[in-house]
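Work out the full structure, taking the sequences as your base and the hints as a guide.
2 protein chains.
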Amino acid sequence: MTKTILQQFAVRFEYPVCFTTRAFALDNPVLIETLAASGPGPHKVLCVMDEGVSAGQRDLIRQIEAYFAQHRACARLVCPPIVVPGGESVKNSLNFTEALQSTIHNHKICRQSFVLAIGGGALLDMVGFAAATAHRGVRLVRMPTTALSQDDSGVGVKNSVNAFGKKNFVGTFAPPYAVINDFAFLESLSHRDWIAGIAEAVKVALLKDPAFFSFLDGNAEAIKARDETAMRHAIYRCAELHVRHIGLAGDPFESASSRPLDFGHWSAHKLEFLTRFQLRHGEAVAIGIALDSTYSYLTGRLARADWTRIVSLLARLGFAQYVPELEHRTGPGRFDYTLFQGLEEFREHLGGQLTITLLEGIGKPVDVHEMNFEVVISSIDMLRDGSWALPLSAVCKEGICEELSA
Amino acid sequence: MTKTILQQFAVRFEYPVCFTTRAFALDNPVLIETLAASGPGPHKVLCVMDEGVSAGQRDLIRQIEAYFAQHRACARLVCPPIVVPGGESVKNSLNFTEALQSTIHNHKICRQSFVLAIGGGALLDMVGFAAATAHRGVRLVRMPTTALSQDDSGVGVKNSVNAFGKKNFVGTFAPPYAVINDFAFLESLSHRDWIAGIAEAVKVALLKDPAFFSFLDGNAEAIKARDETAMRHAIYRCAELHVRHIGLAGDPFESASSRPLDFGHWSAHKLEFLTRFQLRHGEAVAIGIALDSTYSYLTGRLARADWTRIVSLLARLGFAQYVPELEHRTGPGRFDYTLFQGLEEFREHLGGQLTITLLEGIGKPVDVHEMNFEVVISSIDMLRDGSWALPLSAVCKEGICEELSA
Chain L
39 MTKTILQQFA VRFEYPVCFT TRAFALDNPV LIETLAASGP GPHKVLCVMD EGVSAGQRDL
99 IRQIEAYFAQ HRACARLVCP PIVVPGGESV KNSLNFTEAL QSTIHNHKIC RQSFVLAIGG
159 GALLDMVGFA AATAHRGVRL VRMPTTALSQ DDSGVGVKNS VNAFGKKNFV GTFAPPYAVI
219 NDFAFLESLS HRDWIAGIAE AVKVALLKDP AFFSFLDGNA EAIKARDETA MRHAIYRCAE
279 LHVRHIGLAG DPFESASSRP LDFGHWSAHK LEFLTRFQLR HGEAVAIGIA LDSTYSYLTG
339 RLARADWTRI VSLLARLGFA QYVPELEHRT GPGRFDYTLF QGLEEFREHL GGQLTITLLE
399 GIGKPVDVHE MNFEVVISSI DMLRDGSWAL PLSAVCKEGI CEELSA
Chain D
39 MTKTILQQFA VRFEYPVCFT TRAFALDNPV LIETLAASGP GPHKVLCVMD EGVSAGQRDL
99 IRQIEAYFAQ HRACARLVCP PIVVPGGESV KNSLNFTEAL QSTIHNHKIC RQSFVLAIGG
159 GALLDMVGFA AATAHRGVRL VRMPTTALSQ DDSGVGVKNS VNAFGKKNFV GTFAPPYAVI
219 NDFAFLESLS HRDWIAGIAE AVKVALLKDP AFFSFLDGNA EAIKARDETA MRHAIYRCAE
279 LHVRHIGLAG DPFESASSRP LDFGHWSAHK LEFLTRFQLR HGEAVAIGIA LDSTYSYLTG
339 RLARADWTRI VSLLARLGFA QYVPELEHRT GPGRFDYTLF QGLEEFREHL GGQLTITLLE
399 GIGKPVDVHE MNFEVVISSI DMLRDGSWAL PLSAVCKEGI CEELSA
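Those sequence lines, one after another, are chains L and D. Take 39 as the starting number for the first sequence in the numbering used here and just add one per residue. Take 39 as the starting number for the second sequence in the numbering used here and just add one per residue.
Hints listed in this document are in silico derivations from the structure and should not be mistaken for laboratory results. Careful, some of the hints might be misleading.
Since the list gives no way to pick out one identical chain from another, each pair is judged satisfied if it fits inside one copy or across any two copies.
Claimed, not checked - Here are the simulated lysine-lysine pairs, DSSO-like style, with alpha carbons at most 30 Å apart:
| # | residue 1 | residue 2 |
| --- | --- | --- |
| 1 | K262 | K41 |
| 2 | K402 | K246 |
| 3 | K402 | K41 |
| 4 | K82 | K262 |
| 5 | K246 | K204 |
| 6 | K246 | K41 |
| 7 | K246 | K146 |
| 8 | K262 | K146 |
| 9 | K246 | K262 |
| 10 | K82 | K146 |
Written as structure tokens, this is what we have:
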């Protein structure tokens, strides 16, 4: 006897991504209204904060405590905000995750209590993983503090920690309860973090919105010079495109093989490891965008004018487009670049066929299923030599351009 | 400026729960067709097996290897089946989870490869958690080998490990790729495991299906005597009711406070810990059912005839309805029963208001939001004394029955 019961159901997810300024000002209702929307309080809140944020804003912890004291009828902190290191190191062992879960246990945070995570993308990833797996998921409110996390990872549905030398090897898909993007956090960003935050905006513009690319192109110098209005628009539009993609593209939990938002990321992830995370994620993504745009150009997909527009925009924003780790080698052979491991790791993560997104134009992505190592190497050479600024004849070595465009 | 983007989407989940016999017989197509349905192969398969299963069926590993050798065009084992301990101990540290994720990493199991887990509920929980969090979820095929896992946890959407002395504290909701219930595994079950497997069937019958309860009532001696036809029907119907509840009751990932399938479980979970897992989950659930049925009777909700039918069915199936750990104490006070911690832990897990399911009749569950400790203690007294088999006047101490039914 063989019988089969087919289980089928759908799970609906909904969360707001709010944009505000000075979320902990006593008269700012965004956070408290977000918590109150879950039902009658007082709700328990466990606040976890990025060391870099608390160091940059000495008064923040006091402000947070005053905010919750003011709204004690609705929500209360179960303990003073917990400060943990920011940056990728917090994802490189399970120690922080386990310590946080122990705190969740000790303070009896339940599936209807809140973890409030304040920090950059790495901290949000780690706290998100701890929150998503304690009690199979306690409510997470993300308050991203970097431009990069406000416009990209912080508004999405993933969390993770690193393991076995692989970025994000362990994690879950777990939509947050809410995201609150507080623009005031941008003021205290270092110049590097300010700029790094715009890389995903360039990426999503290239994939989905030529008008947004033109906006970035027209405002590159303003953004670089820390024009807040231009930056806020860039973050809002990038977050909006990201949120829409997750909600509307039909595969929010990535069951297929393609990673349409991960343009430039196969090399970026590998470069982060090769530079021992000295390269910020956004900086690595900028190099990845430059590399895959150059590859798109060299393989005849992308017009030269578009290619130079992309790489020159990255340069005008202040991004490096080359680091020596691009040429880190595993052996003496022609193709023994450590970088190429990134392709297999990228394939392996979603599985199935390798699927890399390239460009046929600005706003015109195209998926390919193999990469020509020779052309990747030529692309690296061109980025190293800054040859995107030179005439075609000066940069095309070994006849590759002619051969490929033939 | 405050702006909000509202993210909304639904994720569809679908998986088959197949019932078969001798899944690794070379001519049994169920498993290989299940894997093949995912697309062109050969698919990588990492097989993880319960020590108790491989010890009970010495030839099983050879059969599994022969099965995959026969079907090598569709699927291949990346290594010989990995044998890990079964039982709750495998959930009591993260060591097994991390070792398994390391194996997933080493064999480059991707999100479109398979982990095939063969074992009892605890092994399936642990392997499920490792698989659900590696690459944010690799495909899991569960092959439950105990009656309890075939009719209950194995067909559901949860996984977990224990932490901080709390059962299932860390885990995720992650529907499997498929479940294959192989009835042949039941043949090698110990008498204890055979009987323990029917506890969740009694529970779900009490909650949802009086006709199924009558079936169990009419077949108790046959089931106890290992009648396979009766047991297979009981498992199929229990699994079907469980699957339907998850799919149709509207809250598959348990975002609300009620746990309508967890009748009898607040005490069962605590008893498992208090007996250091000497009590099987099914055995603990049987005691939990007896306790909450008795409480339902003593509080005037459940008719005496229904109550005695329930507790006598449990007795006829061979379940104990009392263990001394029910009376384990934290102190000398009247209400200092360790068991009562189970109420708060139960509440805390889903959060919000305490919600306990009781019975108003067979097939008539009712939610309550508080438990009277005095009546719980009286219920324990009655179970200890076996007084459900005695006339009412002989068992009602301290006038509770009269008072409560007044």
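How the hints compare with the structure:
1. K262 / K41: Answer is between: at 24 Å across copies they meet the 30 Å cutoff, but 64 Å inside does not.
2. K402 / K246: The answer is within: 7 Å in one copy meets 30 Å, while 54 Å across copies does not.
3. K402 / K41: Classified as between; 29 Å across copies, 47 Å inside a copy.
4. K82 / K262: Neither: 40 Å inside a chain and 48 Å across chains, both beyond 30 Å.
5. K246 / K204: within (28 Å within a copy, 47 Å between copies)
6. K246 / K41: between (46 Å within a copy, 22 Å between copies)
7. K246 / K146: neither (43 Å within a copy, 32 Å between copies)
8. K262 / K146: neither (45 Å within a copy, 41 Å between copies)
9. K246 / K262: within (23 Å within a copy, 64 Å between copies)
10. K82 / K146: Answer is within: at 9 Å inside a copy they meet the 30 Å cutoff, but 41 Å across does not.
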